[in-house]
Structures are given as C-alpha cells and as structure tokens.
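Residue numbers (the numbering used here), protein chains in the order written: chain A, 1 to 358; chain B, 1 to 131; chain C, 1 to 109.
Quick caveat, the hints were computed from the structure, so don't treat them as lab data.
Virtual Cβ for every residue (Gly too), placed ideally from N, Cα, C.
Errors might be hidden in some of the hints.
Claimed, not checked - Not close to chain A: a few residues of chain C, all C-beta gaps over 12 Å, as computed:
1) P24
2) L31
3) A70
4) R104
5) F108
Unchecked claim - Stretch by stretch, here's where chain A covers chain B in the computed footprint (C-beta under 8 Å, at least three residues):
6) 69–77
7) 93–103
What the hints assert, rightly or not - Some, not all, of what chain A presents toward chain C, calculated at C-beta under 10 Å:
8) K133
9) V185
10) L187
11) V192
One-letter residues, chain by chain:
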Amino acid sequence: MPRTIIPFGPQHPVLPEPIHLDLVVEDEKVVEARPSIGFVHRGLEKLAEKKDYVEFVYVAERICGICSFIHGQTYCQAIETLMNVQVPPRALYLRTAWGELSRIHSHLLWLGLMADGMGFESLFMHSWRVREKVLNIIEATTGGRVIFGSCKIGGVRRDMNAETIRNLLQELDAIEKDMRQITRVFLDDNSVKSRLSGIGVLPKQEAHDLGCVGPMLRASGVAQDMRTLGYAAFKDIGVEPVTRAEGDCYARCAVRCEELFQSVGIIRQALEKIPDGDIAVKVTGNPAGETIARTEQPRGEVVYHLKANGTKNLQRFRVRTPTFANLPAMLKVLPGCDLADVPMIVLTIDPCISCAER
Amino acid sequence: MNPEPIELITLDTLLDKVRAKREAGCRLVQVSATRLPDQVELTYSFDLNSRLASLRLSLPGAAPRVPSISGIYGCAFLYENEIHDLFNVQVDGMAVDFKGNLYKLAVRFPFGSTQAPCAPTGAAPAATPTQ
Amino acid sequence: MGYFEMSKLALKWALTKPPTSRYPFEPRRALAGSRGQLVFTKDSCVYCTVCAKKCPTGALLVNRAQKKWAIDRLRCISCGYCVEICPKKSLDLSTSHGSPAVTRDREFH
Ligand code: SF4
Ligand code: SF4
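Please construct the entire structure, taking both the sequences and the accompanying hints into account.
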C-alpha cells in the first residue's frame, strides 16, 4: 500500500492556533504523525530579565488568553511562597471563585469548538451563548472579559460586596440551567455520541506514562486533579476528581461537561463561606529562593518553576503549560485513526499552542 | 520554605535515577533548565500520588552534553528539544530530534551563554515515508 | 441515548428574541466596573512621574520640568496599576473603551 504525506495545519479550520502535523497516511488510515510547533514562540520566559517581579503578574496573565486568571494566580502563589506572604483568606476565596469561573468559560469555549469541529453549528452557537453570560459576570466583577487582571502578589485587586455576590449566585443558577440543556445534547444525543465514541482511545497506563494532565488524564481513569493539593480555598472546599474509564474522545468531552457543574458547586460553596476581612496585604522586598508551584487549569496541571536571587528580576521563570504535556499523548493516539478523525483527536486535548510555546 | 524535595545527582547516575522513578510509577511532570553564570542546571520533576520530587543536575560549561531520558519517558523528547533550542545543551539520543527547529527563534539559543543571531539551518525534519 | 435533543433547544430559541444586540446600531452597554480607557485629569497632577515609572508596558511618559504627561494608547493595556498608585488620584479608568487608536502617536496633555 503506498503511503502519502498529508500536511495538517498550521492553518486548518479546526485550529484556532498554529500547529503543523505531517500525517503519513496509508489509504485513509494515519500511520505516523510528525509534529512541528514553534510558530508562535514569544519568549515570555526570557522577558523575566526585563520586567520586575511585580510587573510580571501582567505577563503571566497574558501567557494564555483563556486560562489567564489561573496563570496569574499560580505566579502569585509561587512568589508568595518565596516571600513568605500570608494572603488574607477572603482573597483566597475570591481567587477560587474567579478561577472556577474561568474554568467554566474555558470549558464552554472548548465545547463550542468541539461542536464546530464536528459540524454541529447550532450547538456551537448555544455553547457560546451561555459562555457570554459567564464572561459578563467576569467583566462585571473584575473589569476584563478574559484578562481578569484582578490577582496581585499578596491578594486580589477587587472585592465583591454582598449584593454582587447575591446577583452572581442568581445568575449562576440560570447559567447552570442553560448548561444542563447543552450538556444533554453533548452527552445523550446519538449523533454526537457516534461521532466521538471509540476514537482516539488512550489507555490508563499509557496516559500516565506519557505524562498527560487534566481532563485528558482523568478521561483515561486516573483520578488526578491538582485542586486536591489544597491551594487557595481548596483546603476548605473538597474536590473529587471527575473521571471516566473509556479514555476516548467522548470520555474527554464527558469529563469536561461534568466539570462544569463541579465548578458551579465550588463557586457556590466559596461565595457562601467567604470570610470577611482584607483582600490584600502589602508586600515589600524582593523574592529569593526557588519554588515549584502547581495548580489545575481548565486544560490540566500547570507548573511554575521560579528561581530568584534577591533582586527585582527573577533569575529563572519557567512555565510548563498543560498543552505541552498533552502533546506527546496526542501524537501517540493519532497513528491508527482515520484521517477524518484527526481534527476530533487534536481538539480533544484542548490545544492551546501559544501557551505551549510561551 | 521549599516543600518539594530536590535531590542532587550527577551525570552518570541520571539514567539510573530516572529509571528508578519510572519503576516506582512516577509521572514525568517537567524538565526545566536554568542558566547560571558558569553552568546550566537541569531539574527533572516527577509526581507520585500528587507529591512532587525533583532531581537536579548541574552541567558546567557553555554548551554541555547530557544523555536523553526519552528512552525511559517517551514524552521527554519535547522538553529536551526545548532545552536544546533555548539553552544550547546537547541532548544525545532523543526519541524525536528536531535538530534545533522546535521553536522558530530570532536569536539562536536565547538562554545560551553567548547569544548569536539565528542562521537558517535547513528545514525541519520531514516525515519519511517508508515504502 | 436520545435523538433530536438539539431540536427542542433550537425550537425554543427560534421563538425567542435573539440574545445578541444589533451592534453598531445599538451600542454596547458598558458594565459598571469594566476596565476601559485611561482618563487623565490635568488639574490635580503634580508630575511626580510615579505612574510612568511603574507602568508595566511603558505606555506613559511624564516630564516634570515641562509639566507634560503623555500616553501611548496602543501600549496601554488598561491594567489600572497607575490608577492604584497615583498619589493625587489624577488617573481613572472609564468603563467605555473609547475610539480605536489608529496611529502610534503619543497623546500629550
Ligand atoms: S502618578 Fe499621578 S500625580 Fe504623579 S505624574 Fe502620574 S498622574 Fe501625575
Ligand atoms: S493602565 Fe496600566 S498599562 Fe495603562 S498606562 Fe496605566 S499602568 Fe500603564
């Protein structure tokens, strides 16, 4: 059987961001996939030499346009560990609520893209209609739609008063109802199910060995969620990782659908239990030492490795984003699949290429 | 202050230590490099039941060499290509070698001890179909 | 397993008003607390240059001798850091985003 190479990307209808794959196909079956990334490397890690550690919060938030808040939060957490800053509990609760709001908006975005990828345009529109409501909450409470800008070293910049919280919880009820309707289509409808079931299967052991993170890992049955580490308010709010055993594209979709409602629950708990008090402490001095901070982003575990030597600029700022860890697994499941399933498999890792390259 | 243990290792024990981690069932979390004035520090982080443990390797010199761990952890090839492209560390025996073309950079080895402008070094390795 | 799950949702929305607004005929209502354009109040500014020193993007330029305050609108990311640290409260973020900047000039005040 002769083999052909089909280029996939860097421009492709299902890809919002550039990644290139050389797909070696035999008839309609993919036998090998060779990746090529690096089209949008921005050198953000190098930027740490120019910007001081306080300004760098803004850079960290801009690593990704979708999980921006948790990037900023993780960076602040890492600096706070280095400088031994005790963040007031109210700030921790607010961070948790915003972090989960960003998870909801990211998952809804992904569900929309997924529907778009399989040609289900009306479902795509509806996912994004609901996402718009979440973005409105975010804009009303932080001032930005996707770049929240509300996290700073030592706490948060904005507070929510009792009325805002009440309105937010009410709005959340409406959003939850809308999400139920949409996820019913994703999880129960025959057309979606037969499009996604059984393709791109990643067995449990392989997912673990290939260093997968986030929904990709949990959809293969490994119950690992960095929120169980208990950062921010998660020490008081328990999180039970959502898992699925099948490890196929449908399982990854189902994990994200269930996480939507888990996040709604977390926001409710966080805002109901929120303690009174300050929202920030003053931070003086420069960081020194080394730390590795991990948190759970919508796409999976993010790792911040910071090294500081007591000057204003960090010696080393290193981020390992979830997509970077999920790429090897994607390359692993591509061989053996049909050419028409490639877009689905690429989409189910929720690729965020510019944050993978930073 | 640092809750994550970092174990210092040497170049000749690297592969054995990594293999031991693999046998213990650890997940490879990240490989990162830090450029210090006269050396490059590599940190290999592993996760076991949400506990982080790291191995730390110091490599003196401007362009050091290190063996690849992609024979043990297949997914390490991306980290190693990245370290090669940004830090000018030669990694021997990577599962997939991009030959310095993982990132399209304006400056060759931005974290290398000497920063040279990037000269075109040929195309990225193309997939080679075998008949 | 369900069939035609989407049709119920589609039918419902076919009979309701669209959730989108008819922009640009109907301008977007800014939400209170939204971070928009930076507004400068000339009268209270003492040209202390704190804002220019702290701006993370270097969008501001302040000249103490000539009493000039300038902003490069294309650089400003509306982060609000300068608003927070200005000792005279001369800076504020409005909720509207203003008109788009088309040239890379500094705006002098
Ligand atoms: S910080 Fe305020 S008072 Fe000082 S120069 Fe800027 S605007 Fe003027
Ligand atoms: S809002 Fe932020 S970016 Fe804009 S001028 Fe002020 S400090 Fe600079």
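Do the hints match the structure? See the list:
No Cβ of chain A comes within 12 Å of the Cβ of C:P24; the nearest lies about 18 Å off, and the non-interface call holds. A Cβ of chain A approaches the Cβ of C:L31 within 12 Å, the least distance being about 5 Å, so the stated non-interface status is violated. Under the 12 Å C-beta cut-off, the non-interface status given to C:A70 relative to chain A holds; the minimum distance is some 20 Å. Under the 12 Å C-beta cut-off, the non-interface status given to C:R104 relative to chain A holds; the minimum distance is some 20 Å.
Residue placement check: C:F108 keeps its beta carbon more than 12 Å from all beta carbons of chain A (closest about 25 Å). Figure legend: the region 69–77 of chain B, annotated as covered by chain A; annotation consistent (4 residues with Cβ-Cβ distances under 8 Å, at least 3 required). For the region 93–103 of chain B, the stated coverage by chain A holds: 5 residues have a C-beta nearer than 8 Å to a C-beta of that chain, and at least 3 were required. Hint status for A:K133: holds, given a least beta-carbon distance of 9 Å to chain C, under 10 Å.
Using the Cβ-Cβ criterion of 10 Å, the hint placing A:V185 at the interface with chain C is satisfied: the shortest such distance is roughly 4 Å. Hint status for A:L187 relative to chain C: holds, with the closest Cβ pair at about 9 Å, below 10 Å. Taking 10 Å as the C-beta contact cut-off toward chain C, the hint placing A:V192 at the interface holds, the least distance being around 9 Å.
The structure is inconsistent with hint 2 alone, although it conforms to all the rest.
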